[in-house]
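Colleague: Given next are the chains, with one letter for each unit.
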Amino acid sequence: GDSVTQTEGQVTVSESKSLIINCTYSATSIGYPNLFWYVRYPGEGLQLLLKVITAGQKGSSRGFEATYNKEATSFHLQKASVQESDSAVYYCALTPAGNKLTFGIGTRVLVRP
Amino acid sequence: EAAVTQSPRNKVAVTGGKVTLSCNQTNNHNNMYWYRQDTGHGLRLIHYSYGAGSTEKGDIPDGYKASRPSQENFSLILELATPSQTSVYFCASGDARANTEVFFGKGTRLTVV
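First to last, the sequence lines map onto chains A and B. Numbers in our numbering are just positions in the first sequence, counted from 1, shifted up by 1. Numbers in our numbering are just positions in the second sequence, counted from 1, shifted up by 878.
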């Protein structure tokens with residue numbers, strides 16, 4: 002079946018430093034799935050951060066970027082300079098089609114002031 | 879703004895008891911989903927629905943039933959709750975069109991003792 006593997010556990014980073022969360026995927030049901038990053042801030046539900054549905058394209062939102070790399074089957078999330086408000090749990094996800102999402106394990110990001 | 883509301887937000891249940899988790903969406907979305915989130919796992923799909931009267935099994939349906947009596951409401955039912963069902967449950971709704979955003983509720987923390 003389809004699966005998503007992402008950086009596990011917690012990532013701690015100082016404010017204004019860069020952040021990268023690794024995500025790789027395996028999509029057996031379809032060659033080129035749609036890829037997403039969702040974020041869950043404390044006390045909130047998950048919300049879409051960015052999505053890319055075309056291989057080779059880059060998505061960006063709120064200073065975050067992710068590039069759909071079909072050769073490496075990766076969709077790493079990056080931000081050049083994080084803020085304390087970026088502290089949250091980040092989920093990489095895919096859908097083969099439609100919107101039944103398969104999620105990664107989630108990565109907790111703690112930004113220290 | 880798209881809204882998905884879950885109730886209750888926290889629930890303690892006894893083993894063997896019946897638990898109903900409720901979800902209401904005001905987005906007029908056809909599709910609704912129930913996921914659970916456990917430490918060491920990403921969100922996993924329990925049941926989903928394509929519209930009123932429809933329920934489908936997701937990846938981990940055992941021990942759960944679902945009910946979609948209307949476009950707006952989607953319930954998750956644990957007929958005989960077990961401690962292994964202690965988890966955080968998320969409801970979500972999405973448009974039937976492919977590649978559109980899925981909107982999540984804030985989650986229900988269920989503890990089965």
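One thing to keep in mind: the hints can contain errors.
[To be verified] In the DSS-like style, the derived pairs of lysine-lysine whose C-alpha atoms are separated by at most 27 angstroms in a straight line are:
#1 A:K52 to B:K896
#2 A:K71 to A:K59
#3 B:K943 to B:K889
#4 B:K984 to A:K101
#5 A:K101 to A:K71
#6 A:K59 to A:K101
#7 A:K71 to A:K52
#8 A:K18 to B:K935
#9 B:K943 to A:K18
#10 A:K52 to A:K101
#11 B:K984 to B:K896
#12 B:K889 to B:K984
#13 B:K935 to B:K889
#14 B:K935 to B:K896
#15 A:K52 to B:K935
[Claimed, not checked] Chain A stretches covered by chain B per the calculated footprint, using a threshold of three residues with CB under 8 angstroms from any CB of chain B:
#16 23 to 32
#17 101 to 107
[What the hints assert, rightly or not] Computed Cβ-Cβ distance ranges for the label pairs, DEER-style:
#18 A:E66 to B:T904: 30 to 36 angstroms
#19 B:R887 to A:G57: 39 to 45 angstroms
#20 B:V991 to A:T55: 29 to 35 angstroms
#21 A:Y33 to B:S945: 48 to 54 angstroms
#22 B:S945 to A:N70: 40 to 46 angstroms
#23 B:K889 to A:V12: 27 to 33 angstroms
#24 B:R975 to A:G57: 30 to 36 angstroms
#25 B:K984 to A:E66: 23 to 29 angstroms
#26 B:H919 to A:L49: 38 to 44 angstroms
#27 A:E45 to B:H919: 18 to 24 angstroms
#28 B:V892 to A:Q79: 22 to 28 angstroms
#29 B:G895 to A:S19: 23 to 29 angstroms
#30 B:A881 to A:R63: 31 to 37 angstroms
#31 A:T13 to B:Y928: 40 to 46 angstroms
Hints listed in this document are in silico derivations from the structure and should not be mistaken for laboratory results. Ideal Cβ positions, reconstructed from N, Cα and C, are used throughout, including at glycine.
Colleague: A separate judgement is required for each hint: does it hold in the structure or not?
Modeller: The hints, checked one at a time:
With a CA separation close to 38 angstroms, the supplied pair K52 (chain A) and K896 (chain B) exceeds the 27 angstroms bound. A hinted pair counts as satisfied when its Cα atoms are at most 27 angstroms apart, and K71 (chain A) with K59 (chain A) qualifies at roughly 12 angstroms. In summary, the hint linking K943 (chain B) to K889 (chain B) is supported, as the alpha carbons are separated by about 18 angstroms, within the 27 angstroms threshold. Distance hint between K984 (chain B) and K101 (chain A) is fulfilled; the C-alpha atoms sit about 18 angstroms from each other, no more than 27 angstroms.
Straight-line distance between C-alpha atoms of K101 (chain A) and K71 (chain A) comes to about 20 angstroms, which keeps the hinted pair within the 27 angstroms bound. As the CA atoms of K59 (chain A) and K101 (chain A) are separated by approximately 22 angstroms, the hinted pair is consistent with the 27 angstroms bound. Taking the CA atoms of K71 (chain A) and K52 (chain A), the gap is near 15 angstroms; set against the 27 angstroms cutoff, the hint holds. A C-alpha spacing of about 43 angstroms is found between K18 (chain A) and K935 (chain B), which places the hinted pair above 27 angstroms, so the restraint is violated.
With a C-alpha separation of about 46 angstroms, the suggested pair K943 (chain B) and K18 (chain A) falls outside the 27 angstroms cut-off, and the hint is violated. In summary, the hint linking K52 (chain A) to K101 (chain A) is supported, as the alpha carbons are separated by about 14 angstroms, within the 27 angstroms threshold. A hinted pair counts as satisfied when its Cα atoms are at most 27 angstroms apart, and K984 (chain B) with K896 (chain B) qualifies at roughly 22 angstroms. Only pairs whose Cα atoms come within 27 angstroms are accepted, and K889 (chain B) paired with K984 (chain B) is accepted, the gap being roughly 14 angstroms.
Simply put, K935 (chain B) and K889 (chain B) have alpha-carbon atoms about 24 angstroms apart, close enough for the 27 angstroms limit, and the pair holds. Note on K935 (chain B) and K896 (chain B): the hinted pairing holds, with a Cα-Cα distance of about 19 angstroms set against a maximum of 27 angstroms. Proximity of K52 (chain A) to K935 (chain B) is assessed by CA-CA distance (about 26 angstroms); at most 27 angstroms being required, the pair is judged to hold. Taking a C-beta to C-beta cut-off of 8 angstroms, the stretch 23 to 32 of chain A contributes 0 residues in contact with chain B, too few for the three needed, and the coverage statement is violated.
Beta-carbon proximity to chain B at under 8 angstroms applies to 7 residues in the stretch 101 to 107 of chain A; the threshold of 3 is reached and the given coverage holds. Roughly 32 angstroms separates the CB atoms of E66 (chain A) and T904 (chain B), a value that falls within the hinted 30 to 36 angstroms. For the pair R887 (chain B) and G57 (chain A), the beta carbons lie near 41 angstroms from each other, so the given range of 39 to 45 angstroms is met. Separated by about 48 angstroms at the C-beta atoms, V991 (chain B) and T55 (chain A) break the suggested range of 29 to 35 angstroms.
At about 35 angstroms, the beta-carbon gap between Y33 (chain A) and S945 (chain B) misses the expected band of 48 to 54 angstroms. Range check, S945 (chain B) to N70 (chain A): about 41 angstroms between beta-carbon atoms, so the 40 to 46 angstroms window is met. Between K889 (chain B) and V12 (chain A) the beta carbon distance is about 31 angstroms. The supplied range of 27 to 33 angstroms therefore holds. R975 (chain B) and G57 (chain A) have their C-beta atoms about 23 angstroms apart, which leaves the hinted 30 to 36 angstroms range violated.
Between K984 (chain B) and E66 (chain A) the beta carbon distance is about 27 angstroms. The supplied range of 23 to 29 angstroms therefore holds. Checked against the given bound of 38 to 44 angstroms, the beta carbons of H919 (chain B) and L49 (chain A), roughly 20 angstroms apart, lie outside it. Separation of E45 (chain A) from H919 (chain B) is about 20 angstroms and conforms to the stated range, judged on CB atoms against 18 to 24 angstroms. The hinted range of 22 to 28 angstroms is not satisfied by V892 (chain B) and Q79 (chain A), whose Cβ atoms lie roughly 46 angstroms apart.
Hint check: G895 (chain B) to S19 (chain A), Cβ distance near 49 angstroms, so the stated range 23 to 29 angstroms is violated. A hinted range of 31 to 37 angstroms for the beta carbons of A881 (chain B) and R63 (chain A) is inconsistent with their spacing of about 21 angstroms. For the hinted restraint 40 to 46 angstroms between T13 (chain A) and Y928 (chain B), the CB-CB distance of approximately 42 angstroms keeps it satisfied.
In the structure shown, a violation is registered for the earlier hints numbered 1, 8, 9, 16, 20, 21, 24, 26, 28, 29, 30, in ascending order.
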